[in-house]
Amino acid sequence: MENMDKRVQEELKNFDKEKKAEILENFENFKQYLGGKVELGEKMGLSEERMAHLAAKVADYLAKKEEPRNREEHLLQELWKVGKKDEQHMLAHMLVRMVKQDSK
Numbered sequence: 001m002e003n004m005d006k007r008v009q010e011e012l013k014n015f016d017k018e019k020k021a022e023i024l025e026n027f028e029n030f031k032q033y034l035g036g037k038v039e040l041g042e043k044m045g046l047s048e049e050r051m052a053h054l055a056a057k058v059a060d061y062l063a064k065k066e067e068p069r070n071r072e073e074h075l076l077q078e079l080w081k082v083g084k085k086d087e088q089h090m091l092a093h094m095l096v097r098m099v100k101q102d103s104k
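Here the working numbering is used: position 79 in the sequence shown is 79, and no number is missing along the way.
If you are wondering where the hints come from, they were derived from the structure by calculation, not from laboratory data.
Here the structure is a predicted model, which is why all the values come from computation and not from measurement.
Heads up, a few of these hints could be off.
[Stated by the list, open to error] What follows is a set of in silico ranges between Cβ atoms, one per label pair, in the way DEER data are often shown:
hint, residue 1, residue 2, range
1, Lys84, Glu49, 14 to 22 Å
2, Glu49, Glu18, 31 to 39 Å
3, Phe27, Lys81, 16 to 24 Å
C-beta: ideal position from N, C-alpha, C; glycine also.
Model the full structure from these sequences, guided by the hints.
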């Protein structure tokens, strides 16, 4: 689990700026990107709980380091900032479920 957390942190630090801009350009791109990562996680046998944990790491990074580029990202950032840890974790679960539902 800790090894996966470190990999996520490294990937976030080394993310290509152009690719990041493309993903965050609009909410649909973000959902597609996250959906691809969730699909990969499922293929690796990760539970929804584990994927939500990793999604929370990404959301925390985005809330602290990135400016929202659209209304949806702004809303997510505001919800993230006012949420307590357990609420943030629930929001991460909802994001995972949302992109899983979109991919069906």
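Going through the hints against the structure:
1. Between Lys84 and Glu49 the beta carbon distance is about 18 Å. The supplied range of 14 to 22 Å therefore holds.
2. Range check, Glu49 to Glu18: Cβ separation about 33 Å, and the 31 to 39 Å hint holds.
3. A hinted range of 16 to 24 Å holds for the C-beta pair Phe27 and Lys81, which are about 18 Å apart.
The structure shown violates none of the earlier numbered hints.
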